[in-house]
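Asks: Construct all of the structure, not just a fragment, from the sequences and the given hints.
There are 2 protein chains.
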Amino acid sequence: MHKKAVILANGAFPTHEIPLQELKNSKHIVCCDGAINKLEKAKIEPYAIVGDLDSLDAELKLKYHDIVHHFANQDTNDLTKAIHWCKKNSFLDITIVGATGERDDHMIGNVFLLPRYAKIVKVKMLTSYGVFTPIIRSKNFESYTGQQVSIFSPNSDTLISTANLRYALTNQKLEQMWQGTLNESMGDSFRIEFEGDSLIIYQEY
Amino acid sequence: MHKKAVILANGAFPTHEIPLQELKNSKHIVCCDGAINKLEKAKIEPYAIVGDLDSLDAELKLKYHDIVHHFANQDTNDLTKAIHWCKKNSFLDITIVGATGERDDHMIGNVFLLPRYAKIVKVKMLTSYGVFTPIIRSKNFESYTGQQVSIFSPNSDTLISTANLRYALTNQKLEQMWQGTLNESMGDSFRIEFEGDSLIIYQEY
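Residue numbers (my numbering), protein chains in the order written: chain P, 1 to 205; chain E, 1 to 205.
Intra- or inter-copy, both count: the list cannot distinguish identical chains.
Here are the simulated SDA-like pairs of lysine to any residue, each with C-alpha atoms no more than 20 Å apart in a straight line:
#, residue 1, residue 2
1, K173, T76
2, K173, D157
3, K27, D93
4, K119, Q179
5, K119, E175
6, K124, Q176
7, K173, D197
8, K119, Q176
9, K173, N155
10, K124, E102
11, K173, S156
12, K139, M1
Treat the hints as calculated values from the structure; they're not laboratory data. All values reported here derive from a predicted model rather than from experimental measurement.
Replies: Written out as structure tokens, the structure reads:
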């Protein structure tokens, strides 16, 4: 069993019960520094605070000085810094919350960073509406009949096949990012097979 | 001058002042059928209602029977149907509102559909945080110093150069979707030049 952590990113603080419970029940919350004020307000204690510390005021810096981890690298965003901190500290099963719901470009950027993270940790992202799971190899997903499912293929050459989805793919490419959206599960599981680069699977709650 | 229309998509009803004013001030609101209840609730009259009419109840169907336009094509989503209706009716300058803020996969799908629309109409999408503009040729953008800007390149082979952005690109590819995010305008305009496929530019308000 890998050690689990929940990363709180600096988007909208979770309001949906599923990401909120995940956050509240976690013993290892790794907080991107821009999100620490929201976590304070919710009276939840972080296990670690990671970032460039730009957004941390002096009082919080003092309060949390023993769990604050400074990464000065300007070439990665806070979420990526948090993932690297987790990896370095042997947290290899990561749930990201709070990564959506504010700036749209951050949201898209964060979603399309997931395949990179999947190469070093097990990771998923919980939003107010569903869960994004990056996959680097073929995978079965637990589901339910009628669950809305979308497939995003960052590399348009990837050949994809599906089992138990309403609109089946058979060794097909998704040449446009919208082409794999609006699919639907036919039962309590479905399967995504592919050759090539990573995919991102979205399942509505 | 092209005739203008505002399309109300079936995501979250606008709350930010910019898309909301755009909607309220429009004489030609083209409403995706799933959004008609929200428009009714806001006491705003549509000019046209477009979709497969699945989500329209009998009362509204009767009330709006003379402006309801049925598209049965199951292969396109409601937003695409609304764009085609606009094109057919000579509305060639389109502002999309209400396309984000609910299901994350719809939001991503809608954003990456924009370059297709840009081939047939002038179009932009207003969200609660900023504006997405698809471009099919090099373009100058009005801006302000410090405006947050992100560039999305659906085709990773596209060669891009920028002028007056903090992190300049010079005939560079954006091989990953997150690589063009988190840029910033250096003044009251910036320029995006590119060879190849279309781009999507995001500017924070």
